[in-house]
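Participant: Given the sequences, and given the hints that come with them, work out the whole structure.
Chain by chain, the residues:
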Amino acid sequence: MLFGFEWDLSSPLAFALSILPMLGTGMLVTIQAAVLGFALALVLGLVWAVLKSAPLRVIAWPAAVVTEFLRDTPLLVQLFFLYYVLPEYGIVLPAFMTGALALGLQYSAYTAEVYRAGLQAVPRGQHEAALALNLPPTRKFTHIVIPQAVPRIVPAMGNYLVSIMKDVPVLSVVTVLEMLNVARIIGDRTFDYLIPLSMVGAIYLIMTLVASAGVRALDTYLPKEGIPLK
Amino acid sequence: MWPHRRTARQPIFAADPVEVHWTEYLPPLLEGAWVTIRLTVFSTLLGAILAFAAGVGRLSRNGALRAVSVAYIELFRGTSLLVQLFWLYFALPLAGQAVGLDLRIPPVIAGILALSLNIGAYGAEVVRGAIQSVHTGQHEAALALNFTPRQTLARVTIPQAIPEMMPSFGNLAVQNLKDTALVSLISLGDMTFRAEQIRNFTQDSVTVYSMLLAMYFGMALVLTAMMRGIEHSVGRWRPVRS
Numbered sequence: 001m002l003f004g005f006e007w008d009l010s011s012p013l014a015f016a017l018s019i020l021p022m023l024g025t026g027m028l029v030t031i032q033a034a035v036l037g038f039a040l041a042l043v044l045g046l047v048w049a050v051l052k053s054a055p056l057r058v059i060a061w062p063a064a065v066v067t068e069f070l071r072d073t074p075l076l077v078q079l080f081f082l083y084y085v086l087p088e089y090g091i092v093l094p095a096f097m098t099g100a101l102a103l104g105l106q107y108s109a110y111t112a113e114v115y116r117a118g119l120q121a122v123p124r125g126q127h128e129a130a131l132a133l134n135l136p137p138t139r140k141f142t143h144i145v146i147p148q149a150v151p152r153i154v155p156a157m158g159n160y161l162v163s164i165m166k167d168v169p170v171l172s173v174v175t176v177l178e179m180l181n182v183a184r185i186i187g188d189r190t191f192d193y194l195i196p197l198s199m200v201g202a203i204y205l206i207m208t209l210v211a212s213a214g215v216r217a218l219d220t221y222l223p224k225e226g227i228p229l230k
Numbered sequence: 001m002w003p004h005r006r007t008a009r010q011p012i013f014a015a016d017p018v019e020v021h022w023t024e025y026l027p028p029l030l031e032g033a034w035v036t037i038r039l040t041v042f043s044t045l046l047g048a049i050l051a052f053a054a055g056v057g058r059l060s061r062n063g064a065l066r067a068v069s070v071a072y073i074e075l076f077r078g079t080s081l082l083v084q085l086f087w088l089y090f091a092l093p094l095a096g097q098a099v100g101l102d103l104r105i106p107p108v109i110a111g112i113l114a115l116s117l118n119i120g121a122y123g124a125e126v127v128r129g130a131i132q133s134v135h136t137g138q139h140e141a142a143l144a145l146n147f148t149p150r151q152t153l154a155r156v157t158i159p160q161a162i163p164e165m166m167p168s169f170g171n172l173a174v175q176n177l178k179d180t181a182l183v184s185l186i187s188l189g190d191m192t193f194r195a196e197q198i199r200n201f202t203q204d205s206v207t208v209y210s211m212l213l214a215m216y217f218g219m220a221l222v223l224t225a226m227m228r229g230i231e232h233s234v235g236r237w238r239p240v241r242s
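Note that the protein sequences, when read in sequence, are chains A and B.
Sequential numbering from 1 applies to the first sequence in the numbering used here.
Sequential numbering from 1 applies to the second sequence in the numbering used here.
Possibly wrong hints are sitting among the right ones.
[Said to hold, decoys possible] Stretches of chain B that chain A covers, calculated by requiring three or more beta carbons in the stretch to come under 8 angstroms of a beta carbon on chain A:
no.	stretch
1	76-83
2	90-103
3	210-219
[Claimed, not checked] Part of the chain A face toward chain B, derived, beta carbon under 7 angstroms:
no.	residue
4	Leu76
5	Val77
6	Val85
7	Lys166
8	Tyr204
9	Leu205
Source of the hints: derived by calculation from the structure; they are not laboratory data.
Quantities reported herein were computed from a predicted structural model and do not represent experimental measurements.
Every residue, glycine too, gets a C-beta built ideally from N, C-alpha and C.
Facilitator: Laid out in structure tokens, this is it:
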């Protein structure tokens, strides 16, 4: 029994159907962790992007090193580091929160790059035109640059949300009960790993195919010439 | 079987932490580093072969070959690497049992297979994109010179596509290096696994994990530099633009 659901070992099909609600419970945790980690990555990535583009070298350079470090070290090791080292400094977070933080940190290095590329993709002529029209820098950004950068940034971010979802199983090592961990526990108790693990694979495939279709739809739906902020 | 499942942040055998100087962590960590390096090299090479096979297969005129390639790419890009690793290690033997085959594989093979199948699927999309980016005039020229389709692919298309692939391949190689950390979860003695053992023994998480992070970072920098070197040397295959 797990989460109050019983498994039925009478036949493979009955077993598969009976563990579906348990995996569903795990799937909810997976989605929550992915969304929370993604939200963190969006905010932190913007911070990195701003720091990296700072005119002062003393700010830009350390930010570049930090993002390179976050990008080049494994999520699993970052997660272990946060999980075992933060408590030594008196910061005791629940496993789920530590996991979401690790996901957010790792992906913030990638999202920072997306922000930077998105802003750079706005043609120079647009900046020059804004200057010629004597727009103040803040209005240039809010009314000219950001509206044109958004359609380029959003689909790339969507792809990273899908990637984060695929990285959530790593959190199982710090006791987060996401979908893969649930399947493992079912396997440990029933001695049948084949059906639970295959089902997790199938559910992942469905989730990522749906999410990728969503990202593609978003890509075609967003107007390439920009979105007015009104 | 599941080395990291714990209710509290303490080892299962909560003995008194042992005082060890940090330099004594180095021999086991370096031993693990050698495993990580070999895993990265083998799975990246195997992954590159799979990437070319599936990437070219996806553009084949043969429908069956195309279907197999698409199925492989979608399956391994659409699921999580850890799920693939556990499936190969825990579920595949049971699947073999059901059909009367002995499919138990040692952790090393399961690790290399999962890593290379995963990175190969991502690489296949890179290969496909690069092949499609080769100018159509090159194909027409090859046709005019009476090249067979096989010659066109091997002599004209792929040599010009490789420089286009290299930046993405560099990213994938680093991705693969990072992903090797996951094999510690099927009890393979890589760098992360060794670090876990040291931490269990000494409870000195700050030093151990800082060293581990630094070592991965160093390896990634070296790997990036090596991939840049390859990128530079295949750059001469780029067509000369008039």
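Participant: Next, verify each hint and record whether it holds.
Facilitator: Status of each hint after checking the structure:
1. 76-83: holds (count 7)
2. 90-103: With 5 residues in contact (Cβ-Cβ under 8 angstroms with chain A), the coverage given for the stretch 90-103 of chain B holds.
3. 210-219: Since 5 is at least three, the answer is holds.
4. Leu76: holds (4 angstroms)
5. Val77: holds (6 angstroms)
6. Val85: holds (5 angstroms)
7. Lys166: holds (4 angstroms)
8. Tyr204: holds (4 angstroms)
9. Leu205: Status holds, d = 4 angstroms.
Of the numbered hints stated above, none is contradicted by the structure.
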